[in-house]
Structure formats: structure tokens, C-alpha cells
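A.B. asks: Spelled out, the chains give:
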Amino acid sequence: MSVELEARGISRRFGGIHAVADIDLCLEKGKIHAVIGPNGAGKTTLVGLLAGSLTADKGEIRLGQCDATLLPVHERVKLGLGRTFQITSLFGELSVFESIAIAVQGYQGHSFRFWAPANRKSALIERVHELAHDVGLDHELDAQAEALSHGKHRLLEIAMALAGFPSILLLDEPAAGLGAEETQNLIAILNRVKSDAALLLVEHDMDVVFSVADEVTVMVDGAVIATGSPDHIRNNQRAQQAYLGESGSEYA
Amino acid sequence: MSKSGGWFAVVTVLGALLLPFWAEYAGEPFVLDVIIRLMILAIAASSLNLILGYSGMVSLGHAVFIGIGAYAVGIPAYYDLNSGWLQLAAALGASGFFALLTGLICLRTRGAYFIMITLAFAQMMYFIFVSIEEYGGDDGLVIYSRSEMGPGVDLDDNNQLYFLVLFCLIAVMILIHRLTRSDFGQVIRSIKINEVRMQALGFDTFRYRLVCYVISGMICGLAGWLLGNFTGFISPEMMDWTRSGELIAMVLLGGAATVVGPLLGAGIFIGVETLLPDMTIYWHLYLGILLIIVAKFGRGGLLGWWTRWQSRSRP
Ligand SMILES: Nc1ncnc2c1ncn2[C@@H]1O[C@H](COP(=O)(O)OP(=O)(O)O)[C@@H](O)[C@H]1O
Ligand SMILES: [Mg+2]
Numbered sequence: 557m558s559v560e561l562e563a564r565g566i567s568r569r570f571g572g573i574h575a576v577a578d579i580d581l582c583l584e585k586g587k588i589h590a591v592i593g594p595n596g597a598g599k600t601t602l603v604g605l606l607a608g609s610l611t612a613d614k615g616e617i618r619l620g621q622c623d624a625t626l627l628p629v630h631e632r633v634k635l636g637l638g639r640t641f642q643i644t645s646l647f648g649e650l651s652v653f654e655s656i657a658i659a660v661q662g663y664q665g666h667s668f669r670f671w672a673p674a675n676r677k678s679a680l681i682e683r684v685h686e687l688a689h690d691v692g693l694d695h696e697l698d699a700q701a702e703a704l705s706h707g708k709h710r711l712l713e714i715a716m717a718l719a720g721f722p723s724i725l726l727l728d729e730p731a732a733g734l735g736a737e738e739t740q741n742l743i744a745i746l747n748r749v750k751s752d753a754a755l756l757l758v759e760h761d762m763d764v765v766f767s768v769a770d771e772v773t774v775m776v777d778g779a780v781i782a783t784g785s786p787d788h789i790r791n792n793q794r795a796q797q798a799y800l801g802e803s804g805s806e807y808a
Numbered sequence: 215m216s217k218s219g220g221w222f223a224v225v226t227v228l229g230a231l232l233l234p235f236w237a238e239y240a241g242e243p244f245v246l247d248v249i250i251r252l253m254i255l256a257i258a259a260s261s262l263n264l265i266l267g268y269s270g271m272v273s274l275g276h277a278v279f280i281g282i283g284a285y286a287v288g289i290p291a292y293y294d295l296n297s298g299w300l301q302l303a304a305a306l307g308a309s310g311f312f313a314l315l316t317g318l319i320c321l322r323t324r325g326a327y328f329i330m331i332t333l334a335f336a337q338m339m340y341f342i343f344v345s346i347e348e349y350g351g352d353d354g355l356v357i358y359s360r361s362e363m364g365p366g367v368d369l370d371d372n373n374q375l376y377f378l379v380l381f382c383l384i385a386v387m388i389l390i391h392r393l394t395r396s397d398f399g400q401v402i403r404s405i406k407i408n409e410v411r412m413q414a415l416g417f418d419t420f421r422y423r424l425v426c427y428v429i430s431g432m433i434c435g436l437a438g439w440l441l442g443n444f445t446g447f448i449s450p451e452m453m454d455w456t457r458s459g460e461l462i463a464m465v466l467l468g469g470a471a472t473v474v475g476p477l478l479g480a481g482i483f484i485g486v487e488t489l490l491p492d493m494t495i496y497w498h499l500y501l502g503i504l505l506i507i508v509a510k511f512g513r514g515g516l517l518g519w520w521t522r523w524q525s526r527s528r529p
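Sequence order for the protein chains is A and B.
For the first sequence, our numbering begins at 557 and goes up steadily by one.
For the second sequence, our numbering begins at 215 and goes up steadily by one.
Take the hints with a grain of salt, since some may be wrong.
Simulated crosslink set (EDC-like; lysine to aspartate or glutamate; CA at most 16 Å straight-line) [stated by the list, open to error]:
hint, chain 1, residue 1, chain 2, residue 2
1, A, K750, A, D690
2, A, K634, B, D418
3, B, K406, A, E649
4, A, K587, A, E562
5, A, K585, A, E562
6, A, K614, A, E562
To list a few chain A residues with every Cβ distance to chain B over 12 Å, as calculated [claimed, not checked]:
hint, residue
7, E686
8, E696
9, G735
Honestly, the hints are just simulated from the structure, not real lab data.
Backbone N, C-alpha and C fix where the C-beta goes; we use that ideal spot for every residue, glycine too.
Just chain B, with the same shape it has in the complex:
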């Protein structure tokens, strides 16, 4: 990490730690909700970045893992099973299992076929949950009680939920930082550049891509677990393909294949979503235009633009 990057990280983390106290002092509890949502989306976008940015696979069904993670809170809670650890295990287990099962099929395809088949699997889950009347069908399911994590922890306290989400986000970002620089990460990046060559070097590339896909799905399942707790309401709409599209937008806007990019992207997304609806109901259109501009002119998203600007001003 560069020196300015290090300072930036320290200041950001300090600011994040102090935010709840400021929100209380300033009487702006709504701010905390916005930032919680931002951080959860950043976790989900970071997980997508593993396959989209680092492995070069465009999935249009990634939000399905958010849905799975969220239902892993909602369904147990429906039966009064409120243990957070059980729900977390269910979220990670179910999303990992779903990633493994679908990955075995999806990962045999490439490019447009991969986009279509990930979309197909996500829509399949969408319709499965729409059809299960017991869990509310397409009306969704209200979660009356947040996960119980044990003595001393009360997620109904928004401040505590905030710190849990912050902790998860930092942990995920450190994990991805280490992962992408490890032996495994080196393999994944190299497969993205030249898969045929990697096979000729003795790598079973399918297995590496599959493991990457499962890790990515599980991290997104974690985001779903947090989102289910945060919103207290889950519905199949969470796994709609437009949600997956938003995750792609975040990764590309912030900067694919960087650790911080998805966080920035989630920030931009939340910013546009929060500020623009007051001005126009067509904010999705403006987001789309922004995305096209980034895709056309800003290789590497906001972060790429920033590093280029820095290197120009300081030759």
C-alpha cells in the first residue's frame, strides 16, 4: 500500500469507528442506516470482485447469494431459531454449497454463456422462493428478531449491528487483500490472463476457478446474513438479476481487481441512490449513463482514474 493509501485507510477506519457517536450526537440516526447498507453492499461487491475482477468471469446472478444468506436468517427465525451462529453457519454453508453445485456447471462455460447460465440459476432460485407460500412467496418474510450472538451482544442495538458490519467488512477486505496476493491468488490472476498456458504448466484450472467461485459465494452469503438482519425483511426480490447488475456496477465504478474498488463503488451507488431520487425518479438511468462513461473512458473505475491522476500530477 502506498503511504497516502495507508493514511487514507487509517483516517477512514477512525472515521467509521467514531461515526455512531457522531450520529447520536448530531441526532442523525438515519446516517448510520445508510452506512450499514453501504458496507453490506461493499462486502457483496467485494465478493463479486473476486470472480469478476480477479478471475474475469461476469456473473449476472451473484445477488442470489445475498438472498440465500438472508433466507438463512429468515427461515430459522420463522421457526424461532434465533442463534446467530447457527444462522451464520447456515448462510455460509448454503451459499457455499449452492456455489459448488452451480459452479460445477457454470464454470464449464465462458463469456456470454457464463453470464446467461449464472442468470438462469439465480432466476431459478428467485422463482423457487416466490413459489414457497410458507415463507411469504413474493410478498417476502418479516424477521421479527435479529440474530442472537450470545451474552453482551445485542444486534437490535443499531450501534452494535453497525460495528459487526464494520468488523465483517474490514475482515473481508483483509482476507481478499491476502488471498489475491497468495499463491492461490497468483494462480487465479494468471488463469484470467492465459488459461491455456496455465493448463500447460500443470494447473487444473477448473478446480482453482471452482474454489474461487465457492469462496466468492460464501462471502456474498455473509453479506446476505448481515442484510437479512439489517432490513428485518427478506423477499425473493433480493436475488433479482437487477440486484446482481447493481453489484457489477459497483465493482466497475469503483475499480475491478482492487481491494478498495468495490467499497468505493458501493459508496458511489449509495450516494447516487440517496441523493438523486429526490431530484429525479429516473436515477437508475443516470446510474446507467455513469456506468457507460466509466466503461468508455475510465478504465479501472474511480480508483484507476485516481491513480492515473496522481501519477500525472507527481511525475
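Pulled out of the complex, with its shape left as it was, chain A reads as follows:
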């Protein structure tokens, strides 16, 4: 399987805090790589470093064949990277249709078209419907983004991130706050998406992690303390002590 993203020795400090300390990471197409760890472990910072919204103090990031270490966010997107945010980040006043449409527009090259009305091209409209269908928002297209439920906010996040056919998808706690049914829907989406992309899944919900992950990395205080297959992590002493022991006792 092809390596879509490779990070070597990336680090990031915030003042005295070593939020991410010398982490190596490899994402392969067709696989879901879960990152777990207690609050403040540096998971979101790691996502930010990979996406380019934060710059690394040290280390190297490759996207496909390209050195992306110094590239800004939007250029990493052009190299196939997509992401969602831990704290829902949407266009509140826009409708669901417009929100997905702007994401599709971002994928279709530049938008320096000043005269023709937006959102009229049939290719774009078709793609928006397709994405809405993929995540199950078919019936909400006309709703205002901010009027949706929390669960649907999370789905809209994912639909927008999928618009550009990403080869790498970084998901920061997509299951946070979802109900049981919504979580099952999410798991189905992740399993469908992974055939075309390499996924990084930051997640607190151990049911989700152990049902979809091909590989699991445990982070504590910015560092990786264990990495391996779900079975390996389940039986790993240090991972249990550091994390699973406190919040996911059923796996201990």
C-alpha cells in the first residue's frame, strides 16, 4: 500500500509546553490510523502540524512525493490533504448546500470568476448532492448550517472535507458528542472513505477506535508511548496505564 503522508521527528512547543515532541508518523492509503491519548496529549496540535495551520519547530512532513514541511495550509490541500476540526468550524449563515458547494469550488481550481452567478453549474450541483448523500444530509441541503443539530454539524464537517477527493484525511474527534446511531453512521462512512484515502483518526470513543482502526498510536504529553495494531495496544502495559486504564476500563 502506498504511503500518502510521512512525518519524521516533528515537534512543536508552546512556551514551556512540549505539545508535540519528536513524533514519527506514517499514513497509508486504505488504512485508518487512530491516535488516542488523554486531554492535552497534543493530538490536536499534531493534526495542526500535519495540516499546516501550525508550523513545526523541527521535523519533516512529506505528502506523497512532495516535501510539505514549509507549505501553507491551502497548498497542502492541493496535494490531497483534507481535515475536519475538533471544534466544529462551519459557515454558520450559509445553507448546507452553499457550505458544501464552496468546498467543491475550492477543489475546482481558482475562483477568480467575477460575473457568472455562483452555484449554477450542473457538475457542481451534482457533486454537492453526491457528497450530501454520502454523509446522509440529503434532506438538509436548504437548512442553514448553524440551525443543524450537533450530530449533523459533524457530518457537514466531513462532507466538506471530502469535497476535494482527499488522499489524506485528518479527523479530529469526529465522534465527539454523537449518539449511538450517529456513531454507527460515522463508522460506516469512515469504512467507505478509507478505500480511497489514508486516514488519521483522533478519537476518544474507544468503541469507534477499536472497530475501525488498522493501527493505533497512543500519545501522552506530546510523545508516542505505544504504537501498533489494535490488539497490540489492547494488551500493551504502558498504553493501559497511561490511558486505557482510566477512561476505557472495559479494554483493560
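Model the placement of chain B with the ligands on the given structure of chain A, informed by the hints.
C.D. replies: Chain B with the ligands in isolation, oriented as in the chain A frame:
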């Protein structure tokens, strides 16, 4: 556009087309001058609306582009270069170039820093023109001849200047209507709502904001070109920050992020300016109070208040 809005537009344009004939008939040429100034300010406010209303960037230096456009008439005219097309090209080119140059710096900042740095650049131009003795310094420069646009057009005829300004205003309003609903406009509006998300969707948001800033500056340069022709006198005072403040007031009073708002705002401003000085010398104070009331109670300016009132009376 709603049905009532469409009728309103038709009636307004018809009225505007007939106004010069009425002014002549009624012997009120002064009215024409007032409306010309109103329309020029509406163009300038519309251009500011592109960045203030649609992109959410408060610039306290926008009047600098009026000044640049006006000097692009005055300086060539000073050397007897009266070709209107040359002056227009100079106005658009110089204001676009200045927007590009300053935008590269201003647009890296946000909020209060953006306000301060746009103000700083405008004041810089202000003092540059104050210091150029050749063009009158702070006394300003008289333009003895209006732009020559070619055979059959004579801008010294106030009626013709009126129709030119009217044409420009309508063209600018149509342009902004189309622009803000285009792919580009959709990007600009979305950046205003959530720039971080737009970057994560692959948009080089800086470039879009820069292009928007340049377009805005050029439209304001057009207003300056018209104003220079209209007043026949230019001075650095045209780019003073209080002028920029007045443009902000117009946008907010009329309704930010709407096509018609700045025109309404310019109307209110001219109305207050024309009517109140007879009653009080403190009319700026009253304008300020009006602005505070709008900012506090009337979200969306006059136009927002009107649409809310309409939707309440017709549920
Ligand atoms: N922008 C920031 N400024 C200062 N400290 C930060 C910032 N972002 C994160 N941190 C700190 O870095 C550490 C890791 O945070 P984060 O990456 O959000 O962890 P997680 O997502 O695993 O909960 C925390 O101690 C947090 O307080
Ligand atoms: Mg986090």
C-alpha cells in the same frame, strides 16, 4: 430582487433620468449639484462596502483612493493633458497600484491593526500631497478644465456630467451585484465568515482578499476621478481620515453588504449635511449620534430596518 424592489429601482432610475429636465424647468440647478455629489459618494461608499461589508475589513483610509483618483485628473490637467480617457486610466491604474502595494502589507493584519495601518497609509499620502508645493500643497489645486471625453461629449455641461456620473453609479452597482454573487463573491463572503475553514478547503485566502481590495480601491478611484471633475478643485483634505470615516458612516447607515445600502447611506449623509447646517453648526455631532443609534439598534442599517419592518407587516 423582490418585486417591490424591482419597481423601486425602475422608478428611481426613471426619476434620475428626468431630474436634469425638472431642475432646468424649475430653475433649481443647485439640486443637480447635490445629486451629482450624492451619486459620487455612493460610488465611493459602494467600493468601501466591498471590503467593509462583504469582506468584514474596516478601513479608515479608504478616502485616499478618492484623493488619488482626483489628483489623476488634477495633475495631468495642470500640464494641459485633458484627455478624459488618459485621466481615467491614470485614476484606475494609480488607485489599483496603490491598493495592491498597501494591500500586500495591510491585509496581513486584522481588526484594530488593519484600521490603524490603513489609516497610516492614508495619512502618509495626505502628507505627501501637502508637501508637494508644485501641486498647491495643502491649499490644493484648481482644475480649470474638465476631462475631455471626445467629440459630442462636453463635461462642462453639468447635465452631461450628471448623466456620466449616473451611468457610472449604475454600472458600479450592477458590477457589485454580479461580483458578490459570483464564484469570487461567494469566496469573499465565506472568508468573512470563517477564514481558517476556507484555507482548509484549499483557498489561498490572502490572494482573494487582495484582489477584492484592489477592485475596491479602483472603484473608489473612479469616484475620485468624477469628484475631481465635479468640484474642479482638489486638495489633500479629500483623503483626510474624517472623509474615510464619513464613507464608513454611509455604508453602515444604509446597510452593509447590500448593493443598495451605500446609495441610501450617501442619501442620508447628503440629506443631513444639506439640511442640518442651516439649523446647527454641530451637524457632525448629530450624524455621529445617528450612527450610534444605527449601530446599537438598527442592525443592517436603513435597508435592514426596512426589510424587517416589511416582513413584520406582511407575515
Ligand atoms: N495555541 C496554543 N497556545 C498555547 N498552548 C497550546 C496551544 N494549543 C495547544 N496548547 C497546549 O498544548 C498541549 C496539547 O494540546 P492539544 O494538542 O490541544 O491536546 P489534545 O488535542 O490531545 O487534547 C496542551 O497542554 C495545550 O494546553
Ligand atoms: Mg484535541
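A.B. asks: With reference to the structure, classify each hint as holding or not holding.
C.D. replies: Each hint tested on the structure:
1. Among the hinted pairs, A:K750 with A:D690 is consistent with the structure: their alpha-carbon atoms are about 13 Å apart, no more than 16 Å.
2. A distance of roughly 10 Å separates the Cα atoms of A:K634 and B:D418; the hinted pair therefore holds under the 16 Å criterion.
3. Annotation: proposed proximity of B:K406 to A:E649 holds, straight-line Cα distance about 11 Å (limit 16 Å).
4. Between A:K587 and A:E562 the alpha-carbon distance is near 14 Å, which keeps this suggested pair within the 16 Å criterion.
5. Distance hint between A:K585 and A:E562 is fulfilled; the C-alpha atoms sit about 12 Å from each other, no more than 16 Å.
6. Note on A:K614 and A:E562: the hinted pairing holds, with a Cα-Cα distance of about 14 Å set against a maximum of 16 Å.
7. Every C-beta of chain B lies more than 12 Å from that of A:E686, the closest at about 17 Å, which supports listing it as non-interface.
8. Look at A:E696: its CB is around 18 Å from the nearest CB on chain B, clear of 12 Å, so calling it non-interface holds up.
9. The claim that A:G735 is not at the interface with chain B holds, since no C-beta of that chain comes within 12 Å of its own (minimum 25 Å).
Hint compliance for this structure: no hint is broken.
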